[in-house]
Amino acid sequence: MNVIYFAWVRERIGIPQETVETDAVTVKDLIAELRAREARYDAAFSDTTALRVALDQELSDFDAPLAGVREVAFFPPMTGG
Amino acid sequence: MNVIYFAWVRERIGIPQETVETDAVTVKDLIAELRAREARYDAAFSDTTALRVALDQELSDFDAPLAGVREVAFFPPMTGG
Amino acid sequence: MTVRVQSDHFDAGAELNCFAQGCGDIGAVVSFTGVVRDTQGNLREMLIEHYPGMTEKAIKTIVDEAKKRWDLADVLVIHRYGPLAVGAPIMMVATAAAHRAAAFAAADFLMDYLKSRAPFWKKEVTEQAETWVAAKDADEDALKRW
Amino acid sequence: MTVRVQSDHFDAGAELNCFAQGCGDIGAVVSFTGVVRDTQGNLREMLIEHYPGMTEKAIKTIVDEAKKRWDLADVLVIHRYGPLAVGAPIMMVATAAAHRAAAFAAADFLMDYLKSRAPFWKKEVTEQAETWVAAKDADEDALKRW
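Chains as they are written, first to last, in the numbering used here: chain A, 1 to 81; chain B, 1 to 81; chain C, 1 to 146; chain D, 1 to 146.
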C-alpha cells in the first residue's frame, strides 16, 4: 500500500511517501501501526482531529476500511483558494 | 424649470426635454398641469406607478415640493446593469 | 474608485488587469461582466439610454455606500450606453479587498443597486419591433437583501 | 469546463477574455481572482503544495456539483502550486450563465469548496520562518451555507 504525506505531516515524518506492508483493517489501525514504529510517526499522528485522510484520492474518514485500497494519503485540513 | 423625459416617456411625449413655466407646488401638481395640456402628456402620465421622478438628478417622489428645483426628470423604472 | 460611463466598447480582461494594480492590501478581486443576450434569437441590437449627469452621481452614491459597508481597497464600474451588439459587454463591476467575502458581497450589492438605481434604460431592437425592457419586481425586491 | 492546475503564472484578464467565448446563452460572467497577500509586511514568498491526481479529481467533482445546482454555460478554474511572489495571482474561478444570480452564487460556492475540499496547502515563507497556513473553522462552516 502506498502511503503519502503532505504539508507538515510530510515534514514531521520526513518523507513524502512510502510503501507500507500492513494487515490493518481500518485507517485507525494503520495509524496505530505507524505510531508504534517511531517517535516522528507518533508525533505526526498524535492529534487526528488536525488530520485528514484520503483513500485512493477520495476524502474519507478514520473508521473507513482499507480493503482494496492502494493509496492512503494523510494531510492537514486543506487551505486552497 | 427644465423638464426631461427618458425612454418610453420621451417617446410618448415626443420630445426629450422642454422648459416649463409653472407655479406647481409639488411634482403631482406639475403632472396635473402637463396632463391638462395635450393627449400625449395625458397618456404618458396616466399611470404614475409606472413612472419615477428625479429632482435635480436625485430620485424623489411625487409629493416632493418643487421650490428651488431647476431640473425635473420623468422616466420608467431603471433597467441598468 | 473608477467610474466610467461610455458608449465605447471595453475589454473586460484588460480592465480587470489594470484594476487594483498596486492599490494596497488585496487578497481578492471579484468581477462581474454583463453581456447582451439574444433571448429570442432575433435581436438586432440593444439600445441603452441614460441620463447624463445623474448617471455618474447615482453610481458614485452607490459605490460610496458599498465602501461604507465593506472594507474595499478599490472599486471599478464601467457602464456603456448607445447601440450594443449581441455578445457585447454592457457593463462591468470589479471589487478588490483583503478578504473574499467583502469582495463578493460588494460586487453583488453594486449590481443590485446599479440595476434599479442608476438611470439606464434598455431597449431591444429586433427586425419586427423595438421594445423597452421592463423592470422586474424581483430587481426591486433584491435591494431588500442589503 | 476548464480546469488547470499549474505552477506557471497566469494572466487573469486574458483568461477572462478567453473564457466563455461563443459558448451559448451568456448574460453574466463572474470572476474571482485570489492574490498572494503580505499580511505582516515580511512575506518572502508563498509556497503551495498539492496532491497531483487528487487535485484535478476534487476540482472536477466540485465543478460538477456547481453545474448540478445552477444553470451554467461554462466554468473555469485555474489553481497554481509552487512558489508564488507577493501580489501574484494564486487562483481564479470564472462562471458564465444566462442570469446574474446563478453566476454569482456558483462562483461563491466554488470558492468555498475549493478552499476546504481541494488538496492544496499554503506555506508562508518570511525571512524568519516558514509557517503552514492553518485552516479556519470559518472556512469549514462556510460549506454549510450551501
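In case anyone wonders, no lab produced these hints; they're calculated from the structure.
One should not assume that every hint holds.
[Said to hold, decoys possible] Not close to chain A: a few residues of chain D, all C-beta gaps over 10 Å, as computed:
hint, residue
1, Met54
2, His79
3, Ser116
[To be verified] Facing chain C, a subset of chain B residues (Cβ under 7 Å, in silico):
hint, residue
4, Asn2
5, Val3
6, Phe6
7, Ala7
8, Trp8
9, Pro16
10, Thr19
11, Ala50
12, Ala54
13, Gly81
Beta carbons are placed, not taken as given, at the ideal position from N, Cα and C, and that holds for glycine.
Okay, the hints, checked on the actual structure:
Separation of Met54/D from chain A is inadequate, the least Cβ-Cβ distance of about 4 Å not exceeding the 10 Å criterion. With a cut of 10 Å on Cβ distances, His79/D falls inside the contact zone with chain A, its closest approach being about 7 Å. Not every CB of chain A is more than 10 Å from the CB of Ser116/D (nearest about 6 Å), against its label as outside the interface. Taking 7 Å as the C-beta contact cut-off toward chain C, the hint placing Asn2/B at the interface is violated, the least distance being around 11 Å.
Restraint check, Val3/B versus chain C: the minimum CB separation of about 13 Å is more than 7 Å; hint violated. This hint holds: Phe6/B has a C-beta 6 Å from the nearest C-beta of chain C, less than the 7 Å allowed. A cut of 7 Å between beta carbons decides the hint on Ala7/B: the least distance to chain C is about 4 Å, and the hint holds. Evaluation of the Trp8/B hint against chain C yields a held restraint, the C-beta minimum of about 5 Å falling below 7 Å.
With 7 Å as the threshold, the beta carbon of Pro16/B stays out of range of chain C, its nearest partner Cβ sitting at about 10 Å, so the hint is violated. Taking 7 Å as the C-beta contact cut-off toward chain C, the hint placing Thr19/B at the interface is violated, the least distance being around 17 Å. The beta carbon of Ala50/B comes no nearer than 9 Å to any beta carbon in chain C, farther than 7 Å, and the hint placing it at the interface is violated. A least Cβ separation of about 6 Å between Ala54/B and chain C falls short of the 7 Å threshold, and the interface hint therefore holds.
Evaluation of the Gly81/B hint against chain C yields a held restraint, the C-beta minimum of about 4 Å falling below 7 Å.
In terms of the numbered hints stated before, the structure departs from hints 1, 2, 3, 4, 5, 9, 10 and 11, listed from lowest to highest.
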